[in-house]
Structure formats: C-alpha cells, structure tokens
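> The lines below spell out each chain.
Number of protein chains: 2
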Amino acid sequence: MASKLTLSQTFKRLSSTFTAKTAPSKTHFHAPIPDSAFPQGYLLTGLHAGVKKKAGVPDLGIILSTASRPASAAACFTRNAFKAAPVIVSEEVLIANKGKARAVVVNSGCANAVTGSEGLEDAWAMVRATDALLKPLQGEEGQKNETLVMSTGVIGQRLPIDKILAGISSQSLKTTASSSSPSSSTPSLGSNFDAWERAAKAFMTTDTFPKLRARTFSIGGKEYRMAGMDKGAGMIHPDMGPPRASTGQLHATLLGCVLTDAAISPRSLQSALTYAVDRSFNSISVDGDMSTNDTIIVLANGAAAGEGAKEIDEETDPEGYEVFKKELTEFTIDLAKLIVRDGEGATKFVTVNVQGAPTYADAHKVASRISTSALVKTALYGEDANWGRILAATGSIAISQDFIPSRVSVSFVPLDGSSPLPLLVNGEPRKVDEARASEIVSAEDFEIKVELGLGSESAQYWTCDFSYEYVRINGDYRT
Amino acid sequence: MASKLTLSQTFKRLSSTFTAKTAPSKTHFHAPIPDSAFPQGYLLTGLHAGVKKKAGVPDLGIILSTASRPASAAACFTRNAFKAAPVIVSEEVLIANKGKARAVVVNSGCANAVTGSEGLEDAWAMVRATDALLKPLQGEEGQKNETLVMSTGVIGQRLPIDKILAGISSQSLKTTASSSSPSSSTPSLGSNFDAWERAAKAFMTTDTFPKLRARTFSIGGKEYRMAGMDKGAGMIHPDMGPPRASTGQLHATLLGCVLTDAAISPRSLQSALTYAVDRSFNSISVDGDMSTNDTIIVLANGAAAGEGAKEIDEETDPEGYEVFKKELTEFTIDLAKLIVRDGEGATKFVTVNVQGAPTYADAHKVASRISTSALVKTALYGEDANWGRILAATGSIAISQDFIPSRVSVSFVPLDGSSPLPLLVNGEPRKVDEARASEIVSAEDFEIKVELGLGSESAQYWTCDFSYEYVRINGDYRT
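Protein sequence lines correspond, in order, to chains A and B. Heads up, my numbering is the position in the first sequence plus 1485, with the first residue counted as 1. Heads up, my numbering is the position in the second sequence plus 1485, with the first residue counted as 1.
Hints are supplied without guarantee of correctness; some may be wrong.
Restraint ranges, calculated between C-beta atoms of paired labels, are given here [stated by the list, open to error]:
id: 1; chain 1: B; residue 1: Pro1727; chain 2: A; residue 2: Ala1516; range: 56 to 62 Å
id: 2; chain 1: B; residue 1: Ser1891; chain 2: A; residue 2: Lys1648; range: 26 to 32 Å
id: 3; chain 1: B; residue 1: Arg1915; chain 2: A; residue 2: Gly1705; range: 55 to 61 Å
id: 4; chain 1: A; residue 1: Ser1904; chain 2: B; residue 2: Gly1938; range: 53 to 59 Å
id: 5; chain 1: A; residue 1: Ser1923; chain 2: B; residue 2: Ala1651; range: 30 to 36 Å
id: 6; chain 1: A; residue 1: Glu1913; chain 2: B; residue 2: Ala1522; range: 44 to 50 Å
id: 7; chain 1: A; residue 1: Lys1648; chain 2: B; residue 2: Leu1900; range: 53 to 59 Å
id: 8; chain 1: A; residue 1: Ala1617; chain 2: B; residue 2: Gly1938; range: 37 to 43 Å
id: 9; chain 1: A; residue 1: Ser1927; chain 2: B; residue 2: Lys1538; range: 23 to 29 Å
id: 10; chain 1: A; residue 1: Ile1518; chain 2: B; residue 2: Ser1891; range: 41 to 47 Å
Please keep in mind that the hints were generated in silico from the structure rather than gathered at the bench. Source: prediction; values computed, not measured. We treat Cβ as the ideally placed atom computed from N, Cα and C, and that holds for glycine.
Kindly generate the complete structure, drawing on both the sequences and the hints.
Right, dumping it as structure tokens:
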C-alpha cells in the first residue's frame, strides 16, 4: 500500500479562479394568478416563525380546509428507509383517519429527520397545534389529528419547536376574511393570491422562486379547481409510494401539496395520486439523491361539488375518475417540472425520452440512469453534444432484456420545431454536424431521445445539468 | 404545461466568477522504481503515435513478453452492454487462445467505442501489427492473435489507425537491449524503469501522473515480481467480470495491466484476478459512470520460475495459489486507489467502510451508494461534516434485509491515529463537536464508517469528492 498519510500531508492546496456560467434568473416562472383560479374552501398563510435565521423569510406554512366535511386526503411518501419524523407522523394520521384530513402544516429550514423520539414528539406537536386552529365539525367533536405535517431542510438537527408552535398559534380562523394587511407583522390566513403565494414561499429552501400553479377543469359539466405548490431544489431523486404503517422504531427534499375543491373518495384520490406521482415527481432528478422527507399531499374538500354531491370514485364513476386522474397527472407533471427548472445551479432543462423498451419499468430505469449520470450532466452544462456518455450510461444498467447494440438509436430533439439530429442510428454513429449539435444543446430546453428497439413501451424523465453552482451550493449548505 | 420554449428564450445568461479550490498536485505519487523490482521477461515502450494532438505525448503503449513460453493471461472486462471494439476483440483472443497471450497494446486519446464494424477491424489490426513484433516460438509457428488490446478516450470516433499501425511497426525486438537513447526520436522497447514509465504514460488521459507500481513476493521460497500500471480518471465506476463470448453484433475508462514473472495456470490466474478485481477496481468510484472500455489484464510469463517449473494452480497447489491471490489483491487495491487519488478534480481520498451487513453484496451496495452520492461528494469537497447526507444515501437503496434505523451508526475516522468521531449512534444523533468534525474532514484522507447492525459482513469502497474542477474537466472534454 502507498503510505497515504505521509504523502497526503505534503499536499499543498492550490487555489485558482474559474469563470463559471451561472444559472439564469428563473423568477419569471412565478407570476400572479387570479384569485378566482384557486379552489374554494381553503385558507392559507406563510410566515416567519424563526426556523430560518434571516428575519422575515417565510419558514412556516399553514393550509386549512374550511369545508363543512373533512377533505379526502392522499399522499405519497419517500421510500427512503430513514423516514423523517413528519413522514412517519403523516403516514400514521392518514392511516388512522382513513384518508381524511383538514389541514397541512409545513416548515422549511430544518427537516426534522434523524431526530429520534424527540423529533417525533415535535412533529406531533405541530399536528396538535394546527388541529387547534380548526373549527370542530358537527358531530365530530372527538375527531383528532386532522393535520398532515411536512418539514424540509437540514437533517439531524432538532426543530426550534417553541418558535414553530408560537407561529402556528399566532393564527386564528377569526381573522380569515382577507389576507394580511401590510401593517400586520404576522400575516394571517387568507384565500387570495397573496395568501397562496405566502404559503408557497414557506416551502422554499434553495429554491429561487415560489412554485405555485392553478388549473380549472370540468367533470360531468361541473367546474372544479386545483391549485398547488411544491419545492426542490436539491436532494431531488424522489421515489415515493402510498402511505404504509412504519416498521422502523425511529426513524432537503421534495415537498408538494395539491388542493382541489372536487369531491372524490379517499381511496380513489390515493389511487389517482399514486399513478400521477409515478409519472411526475418520480420521473425527475436534480442530483440523484433521495431524501428522507419527500412528501406529496393532496386534499380534496369537495367545496365546489355542492352539499350532498356524489364523490368521484374509480368504481362507481370510472369516467369521472379517469378525467380527474388525467388532470391530476398533468398538474403534477407541471409542478414536478418546476422543480427541475429550478434545480440547484441548473442552467438546462432536458427531457429524456426513452422509447422502444420491453416494459415501462425498463424505459423508466434507462431514462433515470441517463438523467443521473454525472458525465451526461456535466456535458449538458458544457453544451457538449457528447452522446457517447448517453450510450455508456444506458449500457451500464441491466433491464429485463439484453440490449442489442445494433438496434439502439440516439438523437437530440430541439424544441423549436426544427429537425431532430440523429447521432447514432441502429448502433452505427452518424457523422455529426457539430455546429448543428451545438446549436441544439446551447438552447435552454431540448430533448434527448433514445430508441432501444426492444419493444413498444416508453418513459419520460426530466433532468437538469451539473454546474459549478451546484457544487458551490452543496459544498457549503449548512454554513 | 408551462410554455417552456417562449419562457426559456427569455433567459439571460449570467456570468460570474467563483474562487475554487483546485485539486492539489499529485505528482509525488509517482516516483522512480529500481529496475530490479520489475518482473523478468518483459519489454515495454510508450510513444507518441499521433492519436493525441499534442506532439510528443505518449498515446501508444506496447508490452511484450519475451519468455520462451506464452504467458498465462487473464482479464476482467466492463459489464457495460455497449462494449468497445477492443473489449470484444480482447475477449475473443483470450477465449480462442485458452488464456494464453504474449503482448498487450494500448492507445489513449480515442476509445474505439461505438465505432461499428470498422472499429472492430481497427482493433484487430492493432492485434496483428503487435503480433508481428513477436518472435515465433518453437513449434508454434501457426500461433496467431497473441495480443490483447485496450483503448481509452473519446467514444464514437474512429481511431487514426494508420498512425497507430505506423507507431507499432516502428518498434522491433532487435532494439531491445536497452531503453531508448535520448537522441532517438522514437523510443524503443526496453525493460528498465524508463521503459516501464513510458508505457505507463501511454495509458494516461485526464490522469495527472503515470500510475506505476512494483511488488516483490515469495511463493515456496522462490522470489517473484509483479508490476503494473493503470489509468483513470473519469467515467470511473467499474463493474468488471471475466471474459465471455460476446452476444451483441457490435458493439474514458479504467485500464490496467499487471505483469508478473510467476508461473500460474490460466484458469487460476483468471480466478485470482476476478477475486482481486471485485475487491479493488470494482470497489472504487470517481463519478459513478461505467465505461464501455474498462479492462484489466494480467500476464504471468513464468520467467522467474525456471524452465519446467510447475505452475501455481488452485487445485494442485492451493497454498501457493492463496499467496498469489492475496498478493494480487493487495497489488490491485494499490493500483485502484491511485485512480481515486487522481480522480478528475479530486481534492479528497475517502474510504467508505460499511460494516454489520447481512451479506458482502449488501455491504458493497451500501458503500457504493454512499460513494456515488453527489450530495455526499460535494459535502466532502466543501469539507462539511454533513452526515445526514450519508444516512439519506444509505436509506435510499434496498438491501436483502430491511434497515433498522435504531441500529445504524455513522462515524468519521481520522487516519492520524486520533479518536474516531461518532455522529450517529444506534439511530440517535450525537451532539457533534463541529470543530473536531471539521478537523477530520479537512484532512486529505479520512474514513466514513457506517455500521448497519444487521450482520457481520463488511466492504470497503474508495471515493473522492466532487469539485468545481470535475465540472470544468467534464463540461468541456472533447474540445
């Protein structure tokens, strides 16, 4: 063995300066939304409780359903073995309440992950404090734990729980008529754009803009709304599934929340969400790292469905269910893409489209591998049409059938409507017009298309590049 | 969906300057080796054939065994589905010749990967041209294809084969008495340090120093030598296995070559190499990307064994075999570590030690996941004792048993003999002395130790950090 220590001690640190392309401004991806586009029956706020050091920055978000019935609730949680306390608690609440809930509370700045039994107590305390804001429903005085909880931020540090609880109890349903007045030091619950925006801001960690979208859709001639927010922007390679009872003793992040005023049964809401999450949040990668806290929650309070309206259900109303599922899937794809768009240090937004796979799972696996390759991602940053790295990444994993190199094709697809550029056709490299290749990869957005020639299944993935800025952000996150 | 194109077109590229810590100089990891330490019966050279643009830089290496018998030969090749032409050809040669060979030829600058049928022809031409340098052995005039071939560099471009063939045929066994004279423009074959060093230099791509080591060992009272070279420094996450007949129609990189003057049967040489490679080259990662060209070759020409000496063999001489296997494993670990040490842009050399796993494969899988996490690696670069990321990476994969969070411990182990620093003990985070943590992670070399508490198997992995320089090198590799 080389005498590592003695030699390493002689290392001399050199310092030099790189000129680095930084991420472009993305603030224009956030714009005002008309108040009428938001679903009915929700009150929201975002405020500075003191988890984050910087004064005034929102770090606590509260979302309440004010409908006269508990909302149907569904969620997908990280499959990481080391689930954070809020994940464990939210799973328990959802299971105990059979898919019903009335509130969501979220903090940013501290993930409450790997915080032992104290962390669990803190998460439960957030649930109880938020529950206390809710008006008891008729005949449900005994109902408890109607709040789902989410946290994001540094792992392994305890929450400043007193500050958070004080923040929660500063709110009251009595002040709900409108949003905060500019003179008020603590913004109150509201239902207009300002309130939704403040809640979205409370989700943010390294995000550069709040991620808030709204959508209107019709089922059976009736109009509904769906709105939601999410956040990234690092430790983003989610793999989330439906809630399950935790088996462990104890146990930064993707968080998202979708709210709708449609009425749908809890079981069908979960089923639609699981489908949607597989094709949206589980198909994005910023850095290939899966968080302990990833959580997507959806509430459907039925506020626009009218009293006594029948719930949408997969079995009794398959047609309505399919429409809802499609709307939810498209909406979650929109939200998921925003996370990649704002990936830490990202200068590119790249769609990886894998076709001709034997199964959807195979297509998804190949797309995921390409989307997480450090070499592919640095080439994207360098605007280098290095398709060899795409191929090497593809071939580095096993799928359900052997690859047949002579059937594989790779092309770059520009998104301005001009012709795709074939790079590899049936295993034989094309003489590439490098100027044209550069033209395509110098665009902000483009698509990498890989045809495997082994079947008819396809999958899409969305990824970004690996930049100097990513290294800077993550080399010094905690300080 | 957001209107991506219109929005992206409005992006404005910003430019800024980072002050970046660069990789320390590593040239002191290369030092002269006494001529007597090299195995007997080999002639080597390295020269500039013209694959690389820069004049004088070695890009062609030739290694010949001059023993009176063909050497036993073994190899491990990449498991990437898109094997480069030299990998396919070397596999064919090894299988056809039943584990015998007399030469190795290597070029750097172009990987001859994804080059179709022309690439295969080029690789065969390199084999034939190098074969022609060999003196026919008595009674083996008909012997053909005794050369194994390796290439490293850009994927998808054809070799400048005429330049390479001219380089090979510039060599001749007649000039073998000594190394090149300084006045000669083309260095000739030799057996001293200078010749070995030139061969090692011909392997290099983004490597900052030639990787050459030698080792002396005894079996049954007889002294043997082992020497070898390898190269990295990017697309390094090998998974190599023994040769197998190629099933595909067609098919930068880890290359390595170990030469010994011991006599060992081809089958036992392959068996020892497969064992050694799993614990050395298959246990390192620079960037998590598996190359199409990864190849480790070992030749054992028996030149120090004496005429008619019995070959070491797993069945007939298990004791000798175990010694040889141990020596080869330690030697390949030395060579593998050099690659991590010189990983593209690396400023750290980190050992990831996973203990308490149910199986070796589980331990290896966890160690690999930690070693490839972008967030762990950027934290290493930033000298941030962010153990939460280590835990998140661990929990993100499935192993043969469920993790039990309350049994998991993580610590940082300094290599200066001072006390390890526990960060997480049985699932509960310790109040960490951040100053002490910083002290440990600011060293060039240290160890991350993870105890899973699920069994008694362990595995080691070696990794480096993710730096600005890695992004710079790989954002602009081809230009």
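> Given a hint of 37 to 43 Å, does the C-beta separation of Ala1617/A and Gly1938/B actually sit inside it?
39 Å, holds
> State, for the Cβ atoms of Ile1518/A and Ser1891/B, whether the hinted interval 41 to 47 Å holds or is violated.
45 Å Cβ-Cβ, so the 41 to 47 Å window holds.
> Holds or violated: 53 to 59 Å for the Cβ distance of Lys1648/A and Leu1900/B?
At roughly 41 Å between Cβ atoms, Leu1900/B and Lys1648/A fall outside 53 to 59 Å, so the hint is violated.
> Please check whether Ser1904/A and Gly1938/B have a Cβ separation lying inside 53 to 59 Å.
At roughly 57 Å between Cβ atoms, Gly1938/B and Ser1904/A fall inside 53 to 59 Å, so the hint holds.
> Between the beta carbons of Glu1913/A and Ala1522/B, is the distance compatible with 44 to 50 Å?
46 Å, holds
> Honestly, do Ser1923/A and Ala1651/B meet the 30 to 36 Å range at C-beta?
33 Å, holds
> Just to be sure I understand the hint, the distance between the Cβ atoms of Pro1727/B and Ala1516/A should be within 56 to 62 Å; is that true here?
59 Å, holds
> Against the range 23 to 29 Å, how does the distance between the Cβ atoms of Ser1927/A and Lys1538/B compare: consistent or not?
About 24 Å separates the Cβ atoms of Ser1927/A and Lys1538/B, which means 23 to 29 Å holds.
> Indicate whether the distance between the beta carbons of Ser1891/B and Lys1648/A respects the range 26 to 32 Å.
For Lys1648/A against Ser1891/B, whose Cβ atoms are near 28 Å apart, the range 26 to 32 Å holds.
> Given a hint of 55 to 61 Å, does the C-beta separation of Arg1915/B and Gly1705/A actually sit inside it?
58 Å, holds
Of the numbered hints given earlier, the model fails hint 7 alone.
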